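Novice: Those protein sequences? They're chains G and W, same order as listed. Residues in the first sequence are numbered consecutively from 0, following numbering that gives the first Met the number 0. Residues in the second sequence are numbered consecutively from 0, following numbering that gives the first Met the number 0.
Don't read these hints as lab results, they were simulated from the structure. Do not rely on the hints blindly, as some may be mistaken.
Here are a few chain G residues that sit away from chain W, every Cβ distance over 12 Å (derived from the structure) [claimed, not checked]:
no. : residue
1   : E5
2   : K8
3   : G9
4   : T16
5   : S30
6   : M34
7   : Y51
If you want the footprint, here are the derived chain W segments under chain G, 3+ residues with CB under 8 Å [to be verified]:
no. : region
8   : 3-16
9   : 22-28
10  : 39-49
11  : 72-81
12  : 116-124
Just a few of them, taken from the derived set where beta-carbon distance is under 7 Å, the chain G residues facing chain W [stated by the list, open to error]:
no. : residue
13  : P25
14  : L57
15  : K82
16  : K91
17  : T93
This one's a predicted model, so the numbers in the text were calculated from it and none came from an experiment. Note that CB positions come from ideal geometry on N, CA and C, so glycine has one too.
Here is how the chains run, residue by residue.
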Amino acid sequence: MEISVEEKKGISIFRMTGDIDINTAPELKTSFDEMAKRSGIKVILNLKKVDYVDSSGLATMVEILKKLRDNNGSLKVTNLSAKVKGLFEITKLTQLFDIFNEEDEAVNSFG
Amino acid sequence: MVKNVIPTNSRLLKKISKKLIKLLKKAEIDEEIIFDIHVSLEEALRNAMMHGNKLDIRKKIMVEAELEPSIMKIAVEDEGGGFNPSKLPDPTHSENLLKENGRGIYLMRHLMDEVKFENSGRRVTMTKYLGTKQL
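Pulled out of the complex, with its shape left as it was, chain W reads as follows:
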């Protein structure tokens, strides 16, 4: 398991993301699966930094990643006030299509196989099945 605690900083978002993507490429995971994980991880980190910690550099983000032969699990937790993930508007409704925000969690839910929120929305755990390829 890879575990990192990082300050709220979008440059570090990319650093963590690159580290995990490198791990997946080394494990010869399918490029399309890596893309899905890449987008979802960065959306989760972005949400944690912007909406969770509200860009407060004193607050931290915890990232856990676990790669097994057929499954990748990633957890991202912030120190913000939490939110209710069941009350998010659907960004694909016609009235929301022209809205600039609201697509991050929607993308995570579509690109990953499981997305679970805990701790009043502060912690998200995402799971992606990697097929039958062995490490």
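So that you can see chain G by itself, here it is in the shape it has in the complex:
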């Protein structure tokens, strides 16, 4: 998995390429560890180039969300493929995450 990060309007946009699974989820977690300690961080996870997520990947995203919320930050997820969105729907994580079709919509939603 590859992760690129761009800062835009005070938002950290993480664009991921590849699978988020048992082997790569720890890398995603590590890339957030330092950032999540800061207060009030705004983050977007763009999953446009992610075709596969397993329960380890879902667990890591939940963990990141919790850490950000604990520090008054927020997380939005964008560009889910139909298959990956299906996993969010089955597990009802759609109730937990703010999900947007496009990255710009998520950027604008921060106000």
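Since the structure of chain G is already known, use the hints to place chain W on it.
Specialist: Below, chain W alone, put in the same frame as chain G:
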């Protein structure tokens, strides 16, 4: 039937998974069905390695896969202490949504057509109907 016995190693999890997915793609199975099987197989292997064998590299995982024209059956068995699959909490309950774990078997049960546990939870057999397409 494809039968493999592998040590507890997450890298081998991917190797086995790729092998079976390649078989399904060669058989021109629908991409959505392949995705469901892919996720379920890796969840079963992950459970066997982490929760069953508790990452003990001396313990083995047995994987059996049988592809017929309209059905795919996969069995995964570990050498752990077993568990009671009927006593798992529902990860979609509001009190469990923020929990990091507990979604693997739930996903398997939703993505596959049948999921059966045997041998005190050590063996799981999953079945997916592939539609009417012939091999």
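Novice: Hints broken by the structure, by number, lowest first?
Specialist: 7, 9, 11, 12, 13, 17
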